[in-house]
Amino acid sequence: MPRKIIYERTPMAKLDPKERVKTFDEVALGYTEEEALKEAERCLLCKRPPCVAGCPVHIDIPGFIALIQQRKFVEASEHIKKFNPLPAVCGRVCPQEDQCESKCILGKKGEPVAIGRLERFVADYERAQGEMRLPEIKPPSGFKVAVIGSGPAGLVAASELAKMGHKVTVFEALHEPGGVLMYGIPQFRLPKEIVLHEVEYIKRLGVELVTNFVVGKTMTIDELMQEEGFDAVFIGTGAGLPVWLGLPGENLLGVYSANEFLTRINLMRAYKFPEYDTPVFVGERVGVIGAGNVAMDAARSALRAGAKEVYILYRRTKEYSPARIEELENAIEEGVIFKELVSPVAFYGDENGWIKEVELVRNRLGEPDQSGRRRPVKIPGSEFRMPIDMIVNAIGQRPNPIIAQTTPGLEINPRHGTVKANMKTFATSKPGVFAGGDVVTGAATVILAAGAGTDAAKYIDYYLKNKDKPGIWDELYHME
Amino acid sequence: MGYKILQKRVLGPGSKMMVIEAPYVARAAKPGQFIILRVHEKGERIPLTIANADKKNGTVTIIFQEVGKTTIHLGLLEPGDELRDFVGPLGKPTEIKNFGTVAALGGGFGTAVLYPLIKGLKAKGNYVITIIGFRTKDLIFLTDELSAVSDEVHITTDDGSYGMKGFVTHALQKLLDEGRKIDHVFAVGPVPMMKATANLTLKYNIPTTVSLNPIMVDGTGMCGACRVEVGGETKFACVDGPEFDAHKVNFDLLSKRLRMYVKQEKVSLENFKAQLEKAKEAV
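Respectively, the protein sequence lines represent chains A and B. Every number in this note's numbering is 19 more than the matching position in the first sequence, counting from 1. Every number in this note's numbering is 1 more than the matching position in the second sequence, counting from 1.
It should be emphasised that the hints constitute simulated quantities derived from the structure, not laboratory data. Some hints could be false.
[What the hints assert, rightly or not] Cut-off 27 Å, straight-line C-alpha distance, at most; resulting in silico cross-link-like pairs (DSSO-like, lysine-lysine): (1) B/Lys257 / A/Lys327; (2) B/Lys56 / A/Lys291; (3) B/Lys267 / A/Lys327; (4) A/Lys41 / B/Lys264; (5) B/Lys257 / A/Lys163; (6) B/Lys43 / A/Lys211.
[Claimed, not checked] So the derived label-pair ranges between C-beta atoms look like this: (7) B/Asp139 / A/Glu370: 46 to 54 Å; (8) A/Glu155 / B/Glu271: 31 to 39 Å; (9) A/Lys337 / B/Pro24: 28 to 36 Å; (10) B/Val11 / A/Ala32: 51 to 59 Å; (11) B/Lys31 / A/Asp117: 41 to 49 Å.
[To be verified] Here are a few chain A residues that face chain B, going by a calculated C-beta distance under 10 Å: (12) Pro154; (13) Asn278; (14) Glu279; (15) Arg288; (16) Ala289.
Glycine is no exception: its CB is placed at the ideal position from the N, C-alpha and C atoms.
The following block holds chain A by itself, in its conformation from the complex (with noise of 0.2 Å):
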């Protein structure tokens, strides 16, 4: 008998606005495992599932949704770890809607599975139930790889690798792991404990793991590679250096960076300060520039954290804005005020040198740019100044540079920064060297940067299997 088709999907609970704003507490709370199994039973299990397409970590989608239907959710979440080591976090933080929901069949006539949800829900639920349990790990390579960065493309990276029986050694430069996952999305999106939790998994898997490590301080790709015996390095420090528009006042006080910002209140927890010593400046009226993921993370925190009015300042209109559509709507209905259509100018502060106003013109939409979005347009003569004591500048990250400066050989995109990198093999310009995630292609996803992570492991362990085969690494660099 044909299953019958449900177009709508199952619901997942929320913490209500009003409470939510008070606390830094994860916003969204997850299916029960009726709501999973009710939404996994919606699955159609295609034979040829166009979700896993559009999946950059290639998760058997219908093989984890049909352990969910058997009630397998232990089993569900160790499938989906084949692929992906951090279920718990991308269940949360990928953009499904444009991924692998994209693709689902059941979203021509209706709502798409809600896949994300149920690799979060798995993931969650292997780790209340305690133990850890692992995958094989293939007998030991003798081959020693170096991972610079411990965010979603390293970490990621490091577990293929050592699942392949790799001896691998992440270097991390701040005292958690985590990168981008740790520093930059906040406890209410997805709770550290998590993260820490995957990346205990990662540690049992083999990988060591060294914080308080810069690269190209501490020691360098080619010190690494000379003296420590490392037989390939991957570069995954993502895109950590904030961007600024270069406008007057811009080094107010009360003007943060987004990674200032988050970072004091998300790996510094100084939303619990005086228990924790690092301390955040909020205002009671903040603007965040920009309207990405970053800038909702931002506008969220300060709200949480005690500012009284938070405005999302854009320069284009809200359907253009580049943040998740789930994001956008949870800080609309937490209170961010979005003044669309206006861009900052200068900022103007007191005699103590804190920030008072922002001075912003105000756009129209022109043509399409390359993105396909409508360009803004300055409006001569609108400028007008609001009273504001802080902003969060939250355009865009670029690749920190220490690492291209410190390592000779590596080519270096001179526009965004970005490593040059084979697109199919991760191979860079620099033998032994691959690179991967954000320093790459610019601030992107976590997902990409983990499939990035995925992809790269396999080339590298092909390098390192042939690694005396002359011409190995034209061959990795120039494929096509």
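Based on the hints, put chain B in the right spot on chain A.
Just chain B now, with coordinates in the frame of chain A:
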């Protein structure tokens, strides 16, 4: 990996020196660079200049002044205790070359970082005149160490209780008045001292380098807390510095930005003192 405190020495009221086991940092450290440490699990990240690095023994010496919660907490630790985190070396090393005659000025606590600089300058064949200034006699430290590596050492105190009465800039002015030719000046200390030095040496057209000490978080160019203005451009002291051309630095902005968290720093300190009192009562 813990970072063990191997030695501790009290240099004067409120200033202490510690030798920390940190072999990777020691191996890579060069004059002018700094480290970032965290005392405990809930601690903040604070930058401290590397006062000495012993590559052979894998140790790094730090000198700090107990001015806030973190440094007071740090000062309570003893040899055998471990620091939670210790990362470096960060920042760009000093560009050391043969300048000829160099004056190295240390204001109060800034004196702490002159030692590796002077050693480096001497190794390149410079004649080094060291001028260090303190508020009063009791606060003077490191004179023996600095005398051992400098060609001359001049000491000033604000109250005249030792050496020349006045500031380090007065001592430098005196040398210039005497017609001494000075080819380069390094100045490390409180912002007003570095600013006064910059103003003086600008008049005499002496190239001058200062080491800036803004608030930092990551120390690797990620956050921009340490933004400073140099020659009208925004720089990150952690990766573009910490040393800059003194004649181009906006010292007033630096002073203001250093005061960003005065209120919170007070709360944190009072909170910590209350905790210490409580702990004492419990004993």
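We went through each hint and held it up to the structure:
1. For the given pair, lysine 257 of chain B sits about 25 Å from lysine 327 of chain A by alpha-carbon distance, which is consistent with the 27 Å threshold.
2. The suggested pairing of lysine 56 of chain B with lysine 291 of chain A is violated, with an alpha-carbon distance near 39 Å, which exceeds 27 Å.
3. Under the criterion of a C-alpha separation no larger than 27 Å, the hint pairing lysine 267 of chain B with lysine 327 of chain A is consistent with the structure, at around 24 Å.
4. About 23 Å separates the Cα atoms of lysine 41 of chain A and lysine 264 of chain B, which keeps this hinted pair within 27 Å; it holds.
5. A C-alpha spacing of about 48 Å is found between lysine 257 of chain B and lysine 163 of chain A, which places the hinted pair above 27 Å, so the restraint is violated.
6. The suggested pairing of lysine 43 of chain B with lysine 211 of chain A holds, with an alpha-carbon distance near 14 Å, which does not exceed 27 Å.
7. Between aspartate 139 of chain B and glutamate 370 of chain A the CB atoms are about 36 Å apart, so this pair departs from the stated range of 46 to 54 Å.
8. Take glutamate 155 of chain A and glutamate 271 of chain B: their Cβ atoms lie about 56 Å apart, and the range 31 to 39 Å is violated.
9. Take lysine 337 of chain A and proline 24 of chain B: their Cβ atoms lie about 53 Å apart, and the range 28 to 36 Å is violated.
10. As the Cβ distance of valine 11 of chain B to alanine 32 of chain A is approximately 58 Å, the hint placing it in 51 to 59 Å holds.
11. Range check, lysine 31 of chain B to aspartate 117 of chain A: about 47 Å between beta-carbon atoms, so the 41 to 49 Å window is met.
12. Hint on proline 154 of chain A is violated. Least Cβ distance to chain B is approximately 28 Å, over the 10 Å limit.
13. Interface restraint check: asparagine 278 of chain A against chain B, minimum CB-CB distance 5 Å, threshold 10 Å, status holds.
14. Interface restraint check for glutamate 279 of chain A: the shortest CB-CB distance to chain B comes to about 4 Å, inside 10 Å, so the restraint holds.
15. Interface hint status for arginine 288 of chain A: upheld, as the beta-carbon distance to the closest one in chain B is roughly 7 Å, under 10 Å.
16. Proximity of alanine 289 of chain A to chain B holds as hinted, the smallest CB-CB distance being about 9 Å (cut-off 10 Å).
The earlier numbered hints that this structure contradicts are 2, 5, 7, 8, 9, 12.
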